Amino acid sequence: MRHPTDGIVRRLVDDPAGVSQADREHVAGCPACLAGLAAAREDAALMTAALAWENPAITDAAPGTGAAPDVDRGWARLSQALDAGEHPGQASAGERPGRASVGERAAYPDRRRWRAALRSPVVAVAGVVALLAGAGAAAATDWLPIFRAEQITPVTAPEADLVKLPELSAFGRLDVTERVSVRRVSGPAAAEEAAGLTIPRVTELPRGVSGEPEYHVANRATAVFTYEAETAARTAAAAGESLPPPPARLDGSRFRLVAGPGVAAVWSAGRPVPAMVVGRLVAPKAYSEGIPFATARDYLLSLPILPPNVASQLRAFSGDGTTLPLFMSVEHLTSRQADVNGTPATVLASRDGVMAAVVWVNDGVVTAVAGSLSGDEVLTVARGLRWHR
Amino acid sequence: MEEQVELAGPPGPGPAAVLSVPGAVRAGWKDGGAVRAGWKDGGAVTALPGRGGVRPDLEMVFRGAYPRVVGVAARVLGSRDEAEDVAQEVFLTFGRSSVPAAEATGWLSVAAAHTALNHLRSGRRRVAREEFAGDADAVAGDVADAVVTLDERRRVRAALARLPRKQAVALVLRHSGLSYAEVAAALDLSPGSVGTTVRRAESALRKELNRHASSD
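Chains Z and S, in that order, give the protein sequences.
Residue numbering for the first sequence follows the working numbering, beginning at 2 and increasing consecutively.
Residue numbering for the second sequence follows the working numbering, beginning at 4 and increasing consecutively.
Just so you know, these hints were derived from the structure itself, not from any lab.
Keep in mind that the hints are not guaranteed to be accurate.
[Unchecked claim] Chain Z is faced by these chain S residues, among others (derived, beta-carbon under 8 Å):
| # | residue |
| --- | --- |
| 1 | P59 |
| 2 | E62 |
| 3 | M63 |
| 4 | F65 |
| 5 | R66 |
| 6 | S82 |
| 7 | Q91 |
| 8 | V159 |
| 9 | A161 |
| 10 | R165 |
| 11 | G195 |
| 12 | E205 |
[Unchecked claim] Listed below are several chain S residues computed to face chain Z (Cβ distance under 8 Å; list not exhaustive):
| # | residue |
| --- | --- |
| 13 | V73 |
| 14 | A77 |
| 15 | G180 |
| 16 | R202 |
| 17 | R209 |
[Claimed, not checked] Between beta-carbon pairs, the in silico distance windows are:
| # | chain 1 | residue 1 | chain 2 | residue 2 | range |
| --- | --- | --- | --- | --- | --- |
| 18 | S | R66 | Z | S303 | 48 to 58 Å |
| 19 | S | R214 | Z | S375 | 24 to 34 Å |
| 20 | Z | V331 | S | R214 | 29 to 39 Å |
| 21 | S | P59 | Z | G241 | 50 to 60 Å |
| 22 | Z | S375 | S | R66 | 40 to 50 Å |
| 23 | S | R66 | Z | E26 | 54 to 64 Å |
| 24 | Z | V331 | S | G56 | 52 to 62 Å |
| 25 | Z | T204 | S | P103 | 23 to 33 Å |
| 26 | S | G180 | Z | T6 | 37 to 47 Å |
| 27 | Z | A234 | S | P59 | 25 to 35 Å |
| 28 | S | R214 | Z | E194 | 38 to 48 Å |
| 29 | Z | T204 | S | R66 | 43 to 53 Å |
| 30 | S | G180 | Z | S243 | 32 to 42 Å |
Note that the structure is predicted; figures quoted are calculated from it, not measured.
All C-beta atoms in this analysis are idealised placements derived from N, C-alpha and C, irrespective of residue type, glycine included.
Only chain Z is shown next, with the shape it has when bound in the complex (with noise of 0.2 Å):
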């Protein structure tokens, strides 16, 4: 008789029940199968024991089998986040209190923030739609946010640096008089209605991309930031340093703020993980209420808080703010230009290969395809997308 597989004596480690009467008699009567059984309960009793978990609160507990957690303690919990509308990513943002993360908020006040907001809940439906949006997506995209997008370039920095971006609040007074609000609607024709935007068709949907998507809007969202030098001064001080006088009329200044709607259509089959995504925006706008984008914008990147590579990077950028910056980590992504039937787009790579974006700008309207593709995936479909149905 052949030797049963390997993963057959690997069940009887463990559940010997599981395994037919002949392979069990087999590797009974067999010294080869019995040597692999032993290697195979050694292994297996290794990685149980290197997979134990610690149980701080009873320490004489044997490893991996502690007191059971306390389900009232995190039922509680969880129904705080669902009330306060919370998204999955927002919860484990270091967020519970009385724990010991105090302290490390206390410490990196600007990277817990920081990571908070890339893990803001509108990316947990519709990541396009938020990170454009601005509005609490990320600290870096409310930079320089006096101007219509008219195209995007990407902002390369180590990850440090990124963390240490000041946001629009630390130089004023941000109000948000329309926040975002991403909703799931039954289907292409109630997205377009409700969003007024084209959703385009996906021809042919990659390798691994299956289903029907799910469609979710997002309403318009609109901010009226106030420059407050008061509040920046205080900011440049506890960062060590000083600010120079601000221009004429900035202080008090005001600057509406306004991106999409936008709407998203998203492959996931049932799964927490979508496949992929294509998203559409109304592309951020910002009016200023006094003073003209480029004093502003020369201001704030001559300020000694910005770091000196991103504030040069944004410097080069074109004075008339049709920019749309997107600020990338140089540990993680990659980006490379491309065109998208004519106009041209930014792919952005995840460094090990997982995923990948196409994002580009088209009468005021940034449109996106990403997922857990590579960047030729995404620009393939990018192009094959159809306009009219």
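Position chain S relative to chain Z; hints supplied.
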């Protein structure tokens, strides 16, 4: 080592995910060309209205599955605190999903394993974990545990994050007490191949330990 991990972004991919530091990524895996995230493609999806779009059976499922979900994540992360964070994240996703209730435990376990493995990969760890793990080492009476030093545990977890995703998840689920049949169902494996997948993972991790031991 062959890398089969495939990221599909945070609970929503897109440029925001791409732009972000890798903290927020969740992974699926590629299996013969078909992307599966530990869930069956085309699973029944029905709208489940409730409080703010939250499924009405969430509390019932939570109370039944929370210890297991924490246990799965804790085996990957070695830290109960971090595992509880992961569990919160997973249940938030689940609460807004339409995963059939009968398949909830498998779904949650797979999601917990993925999310925890992503935490490992992204290095988003608490320093406290190592301290706690150190305490556990000190008090462990188990012989096998004495053999596995803190450093070895750390290496095993690092290696776990590098394993082909399906192997890593199968290993963690089996060691978290899911039956062979449950692991097979949750991962869309044939029941007969669960043992093989788990065995491969264990063998790869053992080699990793030996490699370091011999180079010490």
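Taking the hints in turn, this is what the structure says about them:
1. P59: violated (12 Å)
2. E62: Check passed: Cβ of E62/S comes within 7 Å of chain Z, closer than 8 Å.
3. M63: At 11 Å from the nearest chain Z Cβ, M63/S fails the 8 Å test, so the hint is violated.
4. F65: Hint holds; F65/S Cβ to chain Z Cβ min 6 Å, cut 8 Å.
5. R66: Result: holds, 6 Å to nearest chain Z Cβ.
6. S82: With a minimum Cβ separation of about 7 Å from chain Z (threshold 8 Å), the hint on S82/S holds.
7. Q91: For Q91/S, the interface hint holds, since the closest Cβ of chain Z sits about 4 Å away, which is under 8 Å.
8. V159: holds (4 Å)
9. A161: violated (11 Å)
10. R165: violated (11 Å)
11. G195: holds (7 Å)
12. E205: holds (4 Å)
13. V73: Where the cut-off is 8 Å and the nearest Cβ of chain Z is about 4 Å from V73/S, the hint holds.
14. A77: holds (4 Å)
15. G180: With a minimum Cβ separation of about 10 Å from chain Z (threshold 8 Å), the hint on G180/S is violated.
16. R202: Constraint on R202/S satisfied, holds at 4 Å.
17. R209: Constraint on R209/S satisfied, holds at 5 Å.
18. R66/S with S303/Z: 48 to 58 Å: At roughly 57 Å between Cβ atoms, S303/Z and R66/S fall inside 48 to 58 Å, so the hint holds.
19. R214/S with S375/Z: 24 to 34 Å: holds (31 Å)
20. V331/Z with R214/S: 29 to 39 Å: Because 31 Å falls inside the window, the suggested range holds.
21. P59/S with G241/Z: 50 to 60 Å: Cβ of P59/S to Cβ of G241/Z: about 53 Å, so the range 50 to 60 Å holds.
22. S375/Z with R66/S: 40 to 50 Å: holds (42 Å)
23. R66/S with E26/Z: 54 to 64 Å: Distance hint for R66/S, E26/Z is violated at roughly 44 Å.
24. V331/Z with G56/S: 52 to 62 Å: violated (38 Å)
25. T204/Z with P103/S: 23 to 33 Å: holds (31 Å)
26. G180/S with T6/Z: 37 to 47 Å: The hint (37 to 47 Å, Cβ to Cβ) is violated, given that G180/S and T6/Z are roughly 23 Å apart.
27. A234/Z with P59/S: 25 to 35 Å: At roughly 52 Å between Cβ atoms, P59/S and A234/Z fall outside 25 to 35 Å, so the hint is violated.
28. R214/S with E194/Z: 38 to 48 Å: This hint is violated: roughly 59 Å between Cβ atoms.
29. T204/Z with R66/S: 43 to 53 Å: At roughly 46 Å between Cβ atoms, R66/S and T204/Z fall inside 43 to 53 Å, so the hint holds.
30. G180/S with S243/Z: 32 to 42 Å: With Cβ atoms ~60 Å apart, the hint is violated.
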